[in-house]
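Q: Take the sequences, apply the hints, and build the full model.
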Amino acid sequence: EAAVTQSPRNKVAVTGGKVTLSCNQTNNHNNMYWYRQDTGHGLRLIHYSYGAGSTEKGDIPDGYKASRPSQENFSLILELATPSQTSVYFCASGGINTEVFFGKGTRLTVV
Amino acid sequence: AQSVTQPDARVTVSEGASLQLRCKYSYSGTPYLFWYVQYQRQGLQLLLKYYSGDPVVQGVNGFEAEFSKSDSSFHLRKASVHWSDSAVYFCAASITGYQNFYFGKGTSLTVIP
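Keeping their order, the protein sequence lines are chains A and B. Using this note's numbering, you'd call the opening residue of the first sequence number -15 and step up by one each time. Using this note's numbering, you'd call the opening residue of the second sequence number 234 and step up by one each time.
If you are wondering where the hints come from, they were derived from the structure by calculation, not from laboratory data. Check the hints yourself; a few may be wrong.
List of simulated lysine-lysine pairs, DSSO-like, C-alpha gap at most 30 angstroms [said to hold, decoys possible]:
id, chain 1, residue 1, chain 2, residue 2
1, A, Lys88, B, Lys257
2, B, Lys282, A, Lys88
3, B, Lys257, A, Lys2
4, B, Lys302, B, Lys282
5, B, Lys282, A, Lys41
A: Shown next as structure tokens:
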């Protein structure tokens, strides 16, 4: 069964600190995505990737970087975390003519 | 600009009643359309998808959705809801079907006994 695993599941970070959210997929999907979910906004696309070595900006990329070192792994990096980045982050993977599979989410709190 | 709109942020229905959750899309062409469900503190799970053909598509757990090109809509329906259907439902669209998904803001469904 398709699997997308996010780590950590919960994270508390300090303002100005660096945060890395990790995502691993065992689906051999080319496409991977990072979304954030906030009340009243639904899911908003931060960064995405079409394959190892590629990253693309989504709709709200400011304050975030992404890294896709391999087919399986896609990280979201907050170099200088701010309280406005407190949210639930979802990673997803998908391929051509397949559905998109989501991880269970990472709850990030920036204090 | 491409967008997906779910006009109802919250819906409450009684168990056993019928359900319709609304979704409208705005795209230059006809996108691929999806409904996802999110149970509390879980990731999103696919309920159903529409690519082409019969405008009524069947999904899991008795859900179905109807595509209307004239109305730019993709409403989700269920004939008789169960308390376990309480969740947040997201409508989504993609022009390719596998990239760059746009999500609505979600509709929180509460089923009361």
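Q: Need the list of violated hint numbers for this structure, in ascending order.
A: 3
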